[in-house]
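For the sequence shown, the numbering used here assigns the number 26 to the initial residue and increments by one for each residue that follows.
Treat the hints as calculated values from the structure; they're not laboratory data.
Glycine residues also receive a C-beta, built at the ideal position from the N, C-alpha and C atoms.
Treat the hints with care, as some may be off.
[Claimed, not checked] Here are the computed distance ranges between Cβ atoms for each label pair:
#	residue 1	residue 2	range
1	Pro148	His256	26 to 36 Å
2	Arg141	Gly223	13 to 23 Å
3	Ala159	Pro204	20 to 30 Å
4	Gly224	Pro103	34 to 44 Å
5	Ala274	Asp173	22 to 32 Å
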Amino acid sequence: MNSLPPVARTAYYCCLLRATDAEGPNPLCGDRQAALFLDPGMRNELAPLLRFRGPSESNVARHRLVDDLAREAITARPGQRFFLIGAGFDTRAFRLPGGQWWEFDDPGLLAVKELRLPADQAPNRLARVGVDFAREGLAAHLAPLAGDDEAMVILEGVSMYLPDEALTATAAAVRRALPRATLVCDLMTGTFNRRFGGGIRRELGCLGARFAPRAAHPRLAIEAAGFRVRHWTSIVNRAREAGRLRIPAWLLATLLRELRDGYAVWVFEPNPEGP
């Protein structure tokens with residue numbers, strides 16, 4: 026774990042949340058492969074983070090929302106191409122019933138992943154691409170895979186660590202290589218982070234992961250790359266609907282509207298009038 030960059034280390038945290046969900050009586054995601062990446066030492070080290078119930082349940086609800094979007098795409102197009110940027114320990118290529126999958130992440134993380142869950146064991150086509158995000162851009166890795174199909178690009182659990190210019194650059198690389206792609210990402214406002222994310226933000230900071238400062242809504246950084254919003258779904262409200270968070274709907278719609286709307290899964294499509 027110590028050899029991985031700080032943001033990659035948070036992948037273990039997300040993995041623990043999905044494993045904990047899968048081991049419970051009523052899983053929301055049911056990611057049973059997540060446990061493959063967690064030894065007892067890792068579980069013990071990260072266990073204190075589970076006390077932050079709101080972020081924990083929201084993380085799992087986020088993953089389920091993206092799962093559902095991917096399933097819908099596969100139903101419409103069984104050969105759908107998926108590109109997971111900052112894939113972490115994502116196991117959708119093993120869990121979902123179709124699609125062609127490409128995972129992009131730190132080479133060290135993907136090496137660990139390959140040992141525990143080899144790509145050639147996936148029931149769907151799966152390729153893993155190591156990217157040193159600190160030294161090289163995404164564009165060079167997407168270029169050989171360029172196409173005009175309606176691919177789906179998933180940026181999950183990543184955007185909060187990227188400053189606006191990096192978020193725009195990532196979206197622009199996607200737009201150039203995959204001009205008809207749908208971009209799916211979770212976006213958190215600066216206000217949400219400040220008001221509701223203090224505890225978990227400090228803990229993740231101890232792992233070396235720092236949230237990027239955010240003055241404006243992060244959707245603007247993606248729209249600047251030539252995308253427009255198709256729709257978005259509240260992550261916290263999805264967790265509430267699943268019975269994971271006991272917050273009255275009326276309270277989310279009034280006094281806690283920022284809690285409802287400030288962290289969501291956003292779906293973007295190419296803007297024909299964009300750059």
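Structure-based check of all given hints:
no., hint, in the structure
1, Pro148 - His256: 26 to 36 Å, "holds (30 Å)"
2, Arg141 - Gly223: 13 to 23 Å, "violated (33 Å)"
3, Ala159 - Pro204: 20 to 30 Å, "holds (27 Å)"
4, Gly224 - Pro103: 34 to 44 Å, "holds (42 Å)"
5, Ala274 - Asp173: 22 to 32 Å, "violated (42 Å)"
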